[in-house]
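Which chain is which? The protein sequence lines are A and B, in order.
Start counting the first sequence at 1; every next residue gets the next number (the working numbering).
Start counting the second sequence at 1; every next residue gets the next number (the working numbering).
Honestly, I wouldn't trust all of these hints.
Below 25 Å or equal to it, Euclidean Cα-Cα: the simulated PhoX-like pairs (lysine-lysine) are [to be verified]: (1) B:Lys126 to A:Lys299; (2) B:Lys126 to A:Lys274; (3) A:Lys297 to B:Lys94; (4) A:Lys36 to A:Lys274; (5) B:Lys126 to A:Lys297; (6) A:Lys77 to B:Lys205.
Think of the hints as simulated: they come from the structure by calculation, not from any bench.
Keep in mind the model is a prediction, meaning the values are calculated, not measured.
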Amino acid sequence: MAEKFREQGVVLSNGQIGTGIFDLKLKTDKIAAAAKPGQFVSIYSNDKSRLLPRPISICGADSETGELRLTFRVAGKGTEEFSRLAAGEKVDLVGPLGNGFPLERAFATDDSRNCADRDGAAESVGVKGRRVFLIGGGIGIPPMVQLAKTLTERAQAAGDTAASAGSPETFQASAGSQAAGANAVGFQAAPFITSVLGFRDELFLVDDLKPYGDVVIATEDGSCGTKGNVLDAIREKNLKADVIYACGPTPMLRALKKYAEETGTECWLSLEEKMACGIGACLSCVCRSTEVDGHSKVKNKRVCTEGPVFRSTDIEL
Amino acid sequence: MKMEDDAMPDMSVEIAGVRLKNPVMTASGTFGSGQEFSEFIDLNRLGAVVTKGVASVPWPGNPTPRICETPSGMLNAIGLQNPGVETFRERDLKFLEQFDTRVVVNVCGHSVAEYVDCVEKLADAKRADLLEINISCPNVKEGGIAFGTDPRGVEEITAAIKKAAKQPVIMKLSPNVTDIAEIARAAEAGGADGLSMINTITGMKIDIRRRTYALANRTGGLSGPAIHPIAVRMVYQCAQAVNIPIIGMGGITDAESALEMIMAGATAVSVGTANFHDQTTTLRVVEGIRDYMEQYHVESIRDLIGCVR
Ligand SMILES: Cc1cc2nc3c(=O)[nH]c(=O)nc-3n(C[C@H](O)[C@H](O)[C@H](O)COP(=O)(O)OP(=O)(O)OC[C@H]3O[C@@H](n4cnc5c(N)ncnc54)[C@H](O)[C@@H]3O)c2cc1C
Ligand SMILES: Cc1cc2nc3c(=O)[nH]c(=O)nc-3n(C[C@H](O)[C@H](O)[C@H](O)COP(=O)(O)O)c2cc1C
Ligand code: FES
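Could you put together the complete structure from these sequences and hints?
Spelled out as structure tokens, the structure:
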């Protein structure tokens, strides 16, 4: 089990980046260094009449400086309090929590052909790298920033390893043993990242995603990009992916689950649920699973522990 | 620095012949079986770990949202989701074997037969030191009304469980009654070895943005500091009414709120909702009680139990 820490984060800065949307940077001792994309932290109110933690996704984490970036929308009393945090103030944090996105799936070669077949790229997909959608709806966008950055860094690191190892044969050979997971070296090729972002009207975090690949935008009011939702944008532009990572409101996730089933695309969804403990002890935060879960022995999984990221076929929405 | 010969105050207490190194336990349902919290605190320092309610077979629990926050408290309607006693024995009790602390197994059921079945399946579980019976569960036969609300029913279920149980039996009382002392006396008459109180107080929250119930179950159980004065009052009333030990809980967050409960008549205390706010609450309470005893030269915690009459 990955290690979790309880510590006081010190506010480095807190700025507004949209209507009711704040970008909070905190200095942490251990959390940032341990954080993986798709994980979250529990952030506690300094008003002690509010007992429960607020789960907020990790938008950025610098393992060297310990800087943790959280981007949130004011949704109630707790987040309103956090929006007023000023540099130098402290907040209690617990994290990193949850499983995070399975990075290795962006580099996998095993079943990537299923989808690639349809546009005739089957033969080359292994070498070409997987086409990855990072789909964020509204305040589900923040974790995509850290995911895009980490995928890109991993691909670069793998490329460097391959280059220093010499021949492409060596590279291919080491790729065979990557099944062990995210830390394996010898990734075959950098994934092609397309960020698909859905907004009501006002844009945010778009520039944070641009360095890592194409950015496609959908707005409900049509003020920018496709008028409609993220799936409307995907269909309008006729985009295809081998693997999808997504976070956003439940109706969006439900539509993506269906889309993934229809198109046979591998899809990973980050879910939200009310939490009391955030660490797996209270069973507040469950979602419905398609199979009996190994821990609960019923068709329930804890979003805070087995999640928040689930394979779309493993859960009911 | 403490002197070598500076005697540590005696924090040990006894419940139904079971000795606890200190009076601080965890409240059922807020601490799992200790595994998750063992990443934050040393379980060896607790008087006891009280495990999440377990039934004879797995229960799926209620739909979500299962919880919501309220001022200085929360509502929960988890619906007693649990993996069933078999998995619980093999996994959870096995995990707890490595710790030098007492284990209190909390049991739930939909019928007397289900409680008895579960208690029998725990009979040879060596790691279970005490059984805590949650009688705030919906009684399926009685149309879902909780077992714990009728004195006759409480006496009957206590007697049935006592007959089947190999470990001492603590009856966990519901506060959702008119006269808690009457229920306490019924449990004592049924043969209970101790009482645990209070369970959560039924409440409701409305989400005004969605114009509907905040919880999928509509109602939920209120816990946390908001209920502490009610819990202290009820522990006090029952301490006057019965001669069996009481485990006090409801809104304990620090040594002060724990000591109030002890002085009102509780032999031990359980920390619940406060664990969500600070994973180290239980240890802060242990240390705070020790500090109090040193400051006021209290030699044994037993001198404080029920000292307010
Ligand atoms: C894994 C995860 C990651 C998240 N990441 C982000 C993020 O990066 N940025 C962001 O803006 N929001 C995020 N959220 C949603 C965020 O947790 C809520 O908006 C926040 O808790 C609201 O708190 P509040 O006190 O302002 O609202 P209130 O309505 O006053 O909160 C009352 C209670 O309900 C809980 N609650 C309310 N809404 C939610 C919700 N949507 N999900 C879970 N609990 C809720 C609160 O934690 C609190 O306990 C995330 C939620 C989850 C589960
Ligand atoms: C999330 C949650 C789950 C609970 N589950 C159980 C349970 O399974 N069995 C039980 O007897 N009590 C259960 N309780 C009640 C607590 O054990 C305790 O009696 C109550 O919460 C009051 O204490 P507190 O204010 O310190 O939380 C639960 C409470 C909460 C908040
Ligand atoms: S929030 Fe407690 S189990 Fe997930």
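Taking the hints in turn, this is what the structure says about them:
Our distance criterion of 25 Å between C-alpha atoms is broken by Lys126 of chain B and Lys299 of chain A, whose separation comes to about 30 Å. For the proposed pair Lys126 of chain B and Lys274 of chain A, the alpha carbon gap of about 36 Å is over 25 Å, so the pair is violated. For the hint linking Lys297 of chain A to Lys94 of chain B, the alpha-carbon distance of about 17 Å falls within 25 Å, and the restraint holds. Restraint check: the Cα-Cα separation between Lys36 of chain A and Lys274 of chain A comes to about 21 Å, which is no more than 25 Å; the hinted pair holds.
Between the alpha carbons of Lys126 of chain B and Lys297 of chain A the distance comes to roughly 23 Å, so the proposed pair stays at or under 25 Å and holds. The suggested pairing of Lys77 of chain A with Lys205 of chain B holds, with an alpha-carbon distance near 16 Å, which does not exceed 25 Å.
Hints 1 and 2, counting from the list given before, are not met by this structure.
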